[in-house]
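Enquirer: Below are the chains, spelled out letter by letter.
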Amino acid sequence: MTNNNSAAIEVVDLVTHYGPREILHGINLTINEGEIMIIMGGSGSGKSTLLRYLLGLGVPTSGSINLLGKDITKISNTEMHQLRQNMGVAFQGGALLSSMSIGENVQLPLREHTRLDEKTMEIMARMKLEVVNLGGFEKLMPAELSGGMIKRAAVARAIVMDPKLMFFDEPSAGLDPVVSAELDELILNLRDAMKMTIVVVTHELESAFKIADRITVLDQGNILMTDTVENIKNSDNERIQSLLNRRPSNEEVKADEYLNRLTGM
Amino acid sequence: MNIITQEGQMYTIIRLEGDIDLSCSPEARKSILDVLQANKNLLIDLGKVSYIDSSGVASLVEGYQTAKKKTLKFGLVGVSDAAMSVLKLARLDKVFPIHDSVAEFENEDA
Amino acid sequence: MPETATHPLTNSLELLGRSTVKLIEEAGYYSALLAESLFWILVGPFIKRPVRIPSIFSQMMTMGIAACPIVFVLSFSIGVMLAIQMIYNLKTFGAESQVVVGVALSVTREFGPLITGILIAGRTGSSLAAKIGTMQVNQEIDALRVMGINPVRYLVAPSLFAMMIMLPVLTFFSDMAALLGGAVYTSIEIGLSFDAYADRTLSALAVVDVMQGIFKSLIFALIITLVGVSNGFSVTGGAEGVGKATTRSVVLSISYIVIADMIFTYFLNL
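Protein chains in written order, with our numbering: chain A, 1 to 265; chain B, 1 to 110; chain C, 1 to 270.
Bear in mind the hints are in silico, worked out from the structure with no lab data behind them.
Source: prediction; values computed, not measured.
The C-beta atom is built at its ideal place from N, Cα and C for all residues, glycine as well.
Be aware that one or more of the hints could be misleading.
To be verified - Under the rule of at most 27 Å between Cα atoms (straight-line distance), these lysine-lysine pairs were calculated in the DSSO-like manner:
{"hint": "1", "chain 1": "B", "residue 1": "LYS48", "chain 2": "A", "residue 2": "LYS119"}
{"hint": "2", "chain 1": "B", "residue 1": "LYS88", "chain 2": "A", "residue 2": "LYS119"}
{"hint": "3", "chain 1": "A", "residue 1": "LYS164", "chain 2": "B", "residue 2": "LYS88"}
{"hint": "4", "chain 1": "A", "residue 1": "LYS70", "chain 2": "C", "residue 2": "LYS48"}
To be verified - If you only want the chain A side, here are some residues facing chain B, beta carbon under 10 Å, derived:
{"hint": "5", "residue": "LEU110"}
{"hint": "6", "residue": "THR114"}
{"hint": "7", "residue": "LEU116"}
{"hint": "8", "residue": "VAL160"}
{"hint": "9", "residue": "ASP162"}
{"hint": "10", "residue": "LYS195"}
Take these sequences, add in the hints, and give me the full structure.
Expert: Written out as structure tokens, the structure reads:
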């Protein structure tokens, strides 16, 4: 799947700020059609920030983000609106609307964007709930579900329009190993059956190695390396190795700067 | 997408071709339900389907349920790989009566 | 930090400056929200992305109909209170019977809209801030945006629409309840019959008096919705942030309501 050369996502020289602080320092990343790209990194590496910008939830300082051939930093609202119907996002906490039942949540994108028959929408929503093993749960409210079920329902909502691009934010965080493995399986199925291009932001190594076509490793707002699982594992980059082995790296201590930080000067 | 409806004596065959997505699945749904409304047994040929999304599959599901209620025969024929992987995702390959070809269906029927 | 010891005066001046800038920034944000909501209400239906009608109705129920009992109780009490005060004051001039005119004018022009505005700011403004703040914290707002559902169209416009209808209606209801309160007390205290009270009220009131109150309530509706919603959207930092935003929205909208009331009363009575 990896050697398909048309790019679904192309990020060029992406620089972003949060207030006066620069978070991403010029990211370049190409994600091919139909591949599963894992974005990995510790907390504060900028991986969640990168995801926000890929989703068009922020305006970058400079650089461009191409999704399905459209530069989302430049396109009109109408074009962005069209594009969003081809994107699905499973947020970390699910982000289901708490005022609606699970079924209504899953149907929401269909109701907003299509004129399909009522019956068709119901069946589609139920099918997606079956796909995530939540068949028969559509009448329940989000508050009545466990965390793992909410995450799966959120996946059902994200894929209900059969998007071409699918984004997962920390899919296995807070899930027990069995459910987490099921979700990994589902991600692989979505790529194979629905030909989706999938971006997964995670710090779970095990799941990342299992599902990734390629992995990109972020560190302090820079990409350290983007490569296949094998090459990442065998990389001799010290930061990557420390991330893989979960060892704190021996960062060089600049004595003066450190002292100033401690004393607040 | 192309919809070719072929009326037979015992059953009608609907041949779906090309991409079946949100823009055209309502049309496919209507053809399917129309045949069943006319109390005809229905075979749906998915051999030339290059892509089918879940709105298309939902129409097949609704068709099958309608046929069952009316005790009409319903089957999918020559399901293409593209269509099969989508059916498998929701485990629908275990639900629909799926036949390799029209000939095979006729043999079974007889 | 380069400059360490700042003078207390410059410090508080700086603080004043900062908060002024923040308030002006917020005023800009309110206007943008208002403009966007109006866009969705007016243009939305023509570009096939309408404001959800069921949501407008359900909000009209919760913010309007469900508030009727408490509006009635408070307004009735205000009416009684006004009657007590006025009869007491007018006694010195031997003009107790003029109480009807006094109550009628102060209720319709001032107390009806004001008490309703403050009550709904506490009841609905806070719940708007809490609802949207919680959604912000749970990434529900982000989820709406990535699904291509504009949060202003989906959440703000229906609330604004419902509020602009229900607050004037509640204000009128409050007027009636307060007048009833005045009538009850007056009939007990100085033996004026309900019929006579109603007659005198009607002859004392001009349409413009009631309209003045209704007009104010429209302004209050804008204030309550925009302050509540924008505080909700600006929530950061989890549940604690939601609590802070809720409190802030109530304090701010009640303050704005009272100040706006003063300004409008001045200009409408020039």
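Enquirer: Give a verdict on every hint.
Expert: Hint by hint, here is what the structure shows:
Taken as a hint, the LYS48 of chain B and LYS119 of chain A pair is honoured in the structure, with Cα atoms around 26 Å apart against an allowance of 27 Å. The straight-line distance between the Cα atoms of LYS88 of chain B and LYS119 of chain A is roughly 21 Å, inside the 27 Å bound, and the hint therefore holds. This hinted pair checks out: LYS164 of chain A and LYS88 of chain B have alpha carbons roughly 18 Å apart, not beyond 27 Å. Taking the CA atoms of LYS70 of chain A and LYS48 of chain C, the gap is about 23 Å. The hint holds against a cut of 27 Å.
The beta carbon of LEU110 of chain A is positioned within 10 Å of a beta carbon in chain B (closest approach about 8 Å), and the interface hint is therefore held. Taking 10 Å as the C-beta cut-off, the interface hint given for THR114 of chain A holds, the closest approach to chain B being about 6 Å. A distance limit of 10 Å between C-beta atoms decides the matter here; for LEU116 of chain A the minimum to chain B is near 6 Å, and the interface restraint holds. Interface restraint check for VAL160 of chain A: the shortest CB-CB distance to chain B comes to about 7 Å, inside 10 Å, so the restraint holds.
For ASP162 of chain A, the interface hint holds, since its Cβ comes within 10 Å of a Cβ in chain B; the closest pair sits about 4 Å apart. Look at LYS195 of chain A: its Cβ gets to within about 8 Å of chain B, closer than 10 Å, so that hint holds up.
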